[in-house]
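These protein sequences, in sequence, are chains E and F.
Going by the numbering used here, the letters in the first sequence line up with residues 2 to 277, in that order.
Going by the numbering used here, the letters in the second sequence line up with residues 6 to 341, in that order.
Fair warning: there could be bad hints in the mix.
[Claimed, not checked] Sample of chain E residues at the chain F side, in silico, Cβ under 10 Å:
id, residue
1, Glu-16
2, Thr-159
3, Tyr-162
4, Arg-269
5, Thr-272
Everything labelled a hint here was simulated from the structure, so no lab data went into it.
Note that the structure is predicted; figures quoted are calculated from it, not measured.
Glycine included, C-beta positions come from ideal geometry on N, C-alpha and C.
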Amino acid sequence: MSSGRSVGARFLRSELRLVFGRRRNQMLLVALAAAPVLIGVAVRLSSPTSAQGAPGFVARISQNGLFLVFTAMAVTLPVLMPLAVAVVAGDSIAGEAHSGTLRYLLVVPVERTRLLVVKYVGIVTYGLVAAFVVAAAGWLTGLVLFPSGPVTLLSGDTVPYLDALGRAGLVALYAGAMLAGLAAIGLFLSTLTEVPIAAMASIAGVPVVSEILDAVPALSAIHPYLFTHWWLAFGDLLREPIATAGIRHGLGVQAVYIAIFGALAWARLTTKDVTS
Amino acid sequence: MAGGLVVPGEVVDGRQDAPVGQFSAAIRTRGLTKRFRGGQVAVDRVDLEVPRGSVFGFLGPNGSGKTTTIRMLLGLVTPTVGEVEILGGLIPGALGAVLPQVGALVEGPAFQNYLSGPANLARMDAADRTSDPSTARRRIADALDRVSLTSAGSKRYRAYSLGMRQRLGLAAALLRPRELLVLDEPTNGLDPQGTREVRALVRALAADGLTVFLSTHLLAEVEQVCTHVGVMRTGRLVTAGRLDVLLAATAPRVELDTTDPEAAVRVLDGLGLSSPRVRAGAGAATVSAALDGIAVAELAPALVAAGVGIHRLVVVRPDLEELYVSLTGEGFDVER
Chain E
2 MSSGRSVGAR FLRSELRLVF GRRRNQMLLV ALAAAPVLIG VAVRLSSPTS AQGAPGFVAR
62 ISQNGLFLVF TAMAVTLPVL MPLAVAVVAG DSIAGEAHSG TLRYLLVVPV ERTRLLVVKY
122 VGIVTYGLVA AFVVAAAGWL TGLVLFPSGP VTLLSGDTVP YLDALGRAGL VALYAGAMLA
182 GLAAIGLFLS TLTEVPIAAM ASIAGVPVVS EILDAVPALS AIHPYLFTHW WLAFGDLLRE
242 PIATAGIRHG LGVQAVYIAI FGALAWARLT TKDVTS
Chain F
6 MAGGLVVPGE VVDGRQDAPV GQFSAAIRTR GLTKRFRGGQ VAVDRVDLEV PRGSVFGFLG
66 PNGSGKTTTI RMLLGLVTPT VGEVEILGGL IPGALGAVLP QVGALVEGPA FQNYLSGPAN
126 LARMDAADRT SDPSTARRRI ADALDRVSLT SAGSKRYRAY SLGMRQRLGL AAALLRPREL
186 LVLDEPTNGL DPQGTREVRA LVRALAADGL TVFLSTHLLA EVEQVCTHVG VMRTGRLVTA
246 GRLDVLLAAT APRVELDTTD PEAAVRVLDG LGLSSPRVRA GAGAATVSAA LDGIAVAELA
306 PALVAAGVGI HRLVVVRPDL EELYVSLTGE GFDVER
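Here chain F stands alone, though its shape is the one from the complex (with noise of 0.2 Å):
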């Protein structure tokens, strides 16, 4: 654990002041509840646990409180109702102690517009009153070299694109070693190769032992990196856990092309399976149905002994996106 993106030979300064705790949880919260004044409820009794070592997924639609959720993790909002725990130390108490080993890319990058990108990182390290002044050059050379900003030397940062805004929040992140990520949307604003870059990025750090805590929208990237996930639906945590574990939960279907829809439906009904539905397409139509624990094995023969032509016969497990439609809603179905 303690490995991080400790260079060899580097003294890594503060990590005594961390709370002991291996085996606990890097993110921990119970109750966690913000009624906004107005009484908005933008987090509603989120008991989320985001273990050491994994890639969290963090998934929910716009407006569902995930953001709300990463500042009372931070520290910055204080919450209505409930505790926070990062690397098991007590939220707010242990902020100052806990805050050093997480870095932290919050609804954007954000940094002093008549500085350039190392001035920028400069004076983030120097408020860190636990960071060592003596590394600092070297640190920050480092972190801008690990998002490919070395480039960018002494441009002001107001004169920086989305993407290289984007590269050097993710810069600030990573310029001490870390134990915690939380990257809320680190590929916003980035090209094809910067996306690319930020998960190959990830998967680095998350095998040097690191916890990332990922924000996104970006559900392809969310199958790729996580190992878990959490998906957010109006202020409720609706679902967490293993990404596997989840996706093999879900109810499998059978899907077939046949030319004789009406009859397969028959049959498939016969046999039992649930809600069949079938979509008309050129030439052949596609039947589709829950499978309901009927083994495969018994439909084909079924079917062919109905008569129904069959062009192709699939078991499909839905994927993520299926699964987290089904969870937040279809469509621009806004609950707030």
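In isolation and in its complexed conformation, chain E is listed as follows (with noise of 0.2 Å):
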């Protein structure tokens, strides 16, 4: 108990209670694990010629109830998930400041940093349970409409279906770390404001902008440095042997978003006079 009290784990697990306990971030969660379900029923549905020539992931659903998984990470990665974290990141300084409880919180005393590290670890456990939402219903989804079996890997290979449920799991953690650059880049503009849906709208414009910037090829200089270039890097997951070097790269971008918007927030709040 006493290591418990001097990390604030009670804080933590009272943050954490907050976040899945509102109504809303729940229904928000519903809503993502309905797009592998819509996906899946869609795919079923379709005639087998139309399917053949779909692109990706999806060609691949009618085979192995297992490619739904990738198929809605593919889908819901670049649009749904960093909405879902844009609202609970954009609650997570502003709304306290718009209710108040920022000041008491702060009196009671909350120190401004463990403040931000536990709303950190809030925004990116939401955005982590978000991912694995969408994976399970993608999984239990394809379970139920589709064959499963042994999977035909991207690179060819046939690994069984465990191997590839393992690989579905990454995947997921995959997502779940590539919105945790978003999350810290969210808890910087919460601090900057008292009205929590201006935050959440500015949050949820961010990565918008990032992939409109990372599809002209005329700034294909800057693209690797764009903290959405190396979300669908998950990819690279689904071959035999993995390849490493985009994954890589995803994490030590989003490790650099961390780090900068970190600080950034951390400036923000250390130094922000509460008067709301």
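Two chains, two frames, a set of hints: combine them into the complex.
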């Protein structure tokens, strides 16, 4: 108990209960879970011939349901998941400031750095859970609607189903990690305002801008440094052996964004006059 | 002093981290100044001294800098210039050690809308790394009981009335034994019964040895519970000290009812009383003047000798309201 008290684990547990107990945040997870179900049903209903021409993972879903996990991840990671993270991140500091609870937390006292760490862990945990919710919904829908069995990877190798299921877990883990950079940006933006909805909207816009920049060929020089650039590198986990270059780049870029925006959020909150 | 709200047998955790200094003031500021961006000076060179064990009434019109001062005391706002010492610890360095012993209600209660009252208190307690989780449940129940809020149960905070919210805010301030309570308008939104309850609560806490720093607009409340007052006006602390001493130092006035005010004024003038004033009334007029050290015993014979019929003659000491108005101005003269 004494170690728990010194690191403030009670406050973190309380924060996680707050984030995951909020009905709005629960509904966002339900919406995310609906994505793979809808994709699965759509693929099941469409004729095999039309699925033949579909790009990437979609064509493989009808052969093995596990590919629904990867398809759903590729569909939700660029748009829906950042949106869910933006809502939770926007609420993190700005929500407390808006309702006035920020001043009471600080007076408890919660040191401002500790508050940032707990809030950040809350956002990242939510992003990770969102990724695993999509993966689990995709996996279960795939089991119900499509055949399962040994999986033919993108590299052409065939691995046992359980091996591929493990890789699906790694994909979810990677997707969750890819949201950690956005979580840091969101935490920082949330310290700038007392209007949570404004913070949410601007955070949701950030990956969109990044993805647009990533699509402009003239800007190819900066593409490797965009925090969204390596998001879909999780496809490398579906090769034998696993290609790690893109994955490592992706994780490295996230680490840099976490460091920069974590420092900005810290500089902002620790010097801010709390007048809300 | 260590008595506080301690329930017998309860471990007073965190107390050993407290800065020692039983003889220091509970709150002391030196040259405390806050200039906001834009140049507005909200608090201007305030030297505040709140003795331990006192109930300190912090008064002043809206916008006089009370809330900004309170925010600086609690480390929410950084002073532009000046020092703050709470329970012997310099702010902001000692915030972590000192604040667990300070219960605060700042500018109205604020809680998570979607949590119940007890769940909100549990969250506050969980955020406090120096509080003992094993006693949390009982302390929360005790705090709710202390503000008569046990019946609210599982109702969400957003469904609370203003009075219930205010009570929950007080309960949060009483979650653990405190040395100092900083209460910013604790009776705001309470009905007369609730106001009386809070007054009784403040008295009981003060009797236990707590220092209470009470910001309020209700002067009657201050007269009933406070031992000390400080009055703010446009960012300056214009007066501060023991309430009885401040009131005793105010100039006593004589007030008399008569049917012949002109004659009465002439007599008072002749005796050397300054600026007599006449207020017309039904039947008799009221004449009043500052006594200026003239013995009351001289007045009646002089008036009678001049043939002035007196219906009533009393010596009046200004109450807190008059003192307050004389310090902060009359009516709606908004100064910023």
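The hints, checked one at a time:
no.: 1; hint: Glu-16; result: 9 Å, holds
no.: 2; hint: Thr-159; result: 49 Å, violated
no.: 3; hint: Tyr-162; result: 42 Å, violated
no.: 4; hint: Arg-269; result: 14 Å, violated
no.: 5; hint: Thr-272; result: 8 Å, holds
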